[in-house]
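Participant: Each protein sequence line maps, in turn, to chains A and B.
Numbering-wise (our numbering), the first sequence opens with residue 1 and increments by one.
Numbering-wise (our numbering), the second sequence opens with residue 1001 and increments by one.
Possibly wrong hints are sitting among the right ones.
[Said to hold, decoys possible] Label-pair distances were calculated between CB atoms; the ranges are:
1) Leu-1046/B to Lys-44/A: 15 to 23 Å
2) Gly-28/A to Lys-1068/B: 30 to 38 Å
3) Gln-1045/B to Pro-69/A: 21 to 29 Å
For the record, the hints were derived by calculation from the structure and aren't laboratory data.
Think of the CB as a built atom: it goes at the ideal place given N, C-alpha and C, for glycine as much as any other residue.
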Amino acid sequence: DTAVSQTPKYLVTQMGNDKSIKCEQNLGHDTMYWYKQDSKKFLKIMFSYNNKELIINETVPNRFSPKSPDKAHLNLHINSLELGDSAVYFCASSQSGGWEKLFFGSGTQLSVL
Amino acid sequence: GENVEQHPSTLSVQEGDSAVIKCTYSDSASNYFPWYKQELGKGPQLIIDIRSNVGEKKDQRIAVTLNKTAKHFSLHITETQPEDSAVYFCAASANRDDKIIFGKGTRLHILP
């Protein structure tokens, strides 16, 4: 009965590969996000979707492509992985946007070798 | 855009003492200020938040103060306990549909 669940928890891959991270929330929230946390713990928003519609798209390489099949799911696909993509990626959701409490998943530790 | 500065980056406090973490923000339109706690291997979790129409809010051992004129807000933890050891993030948001901007975090160590 986890509120925001993301898989996998760990992802180790070679440079140049393509990988996906999946996220699902069972809270009935309208807005979902992807955040990136670097090795210094800095949390930076990448994307947000509201009811399957892209709302925020920060300056993220277009190798990163989010997809929201429905408002309960927001997946992140990364093409041609680079060393600098190594980080922890967090999915989050909120009722309706930046004014509301964020519920975070437990994170996906991506290591690009 | 909004910029949130957080200090200190690391804080060590004797168990039972108080801890204070301070943040400043740049956008005077910001009106929502949450604080998140991140334990090792977990995602951040909201512990307290304050909106701009309030100057102070308290929840048991945790309190947050907001000074809109000076554009700064602080987290106060009293009677610290070992389970308070974590990374704490302040954040600010300018309006209902805007994104939340996080500070760079404070690693809090509670010393036995």
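Participant: Of the hints given before, which are not true for this structure?
Facilitator: none
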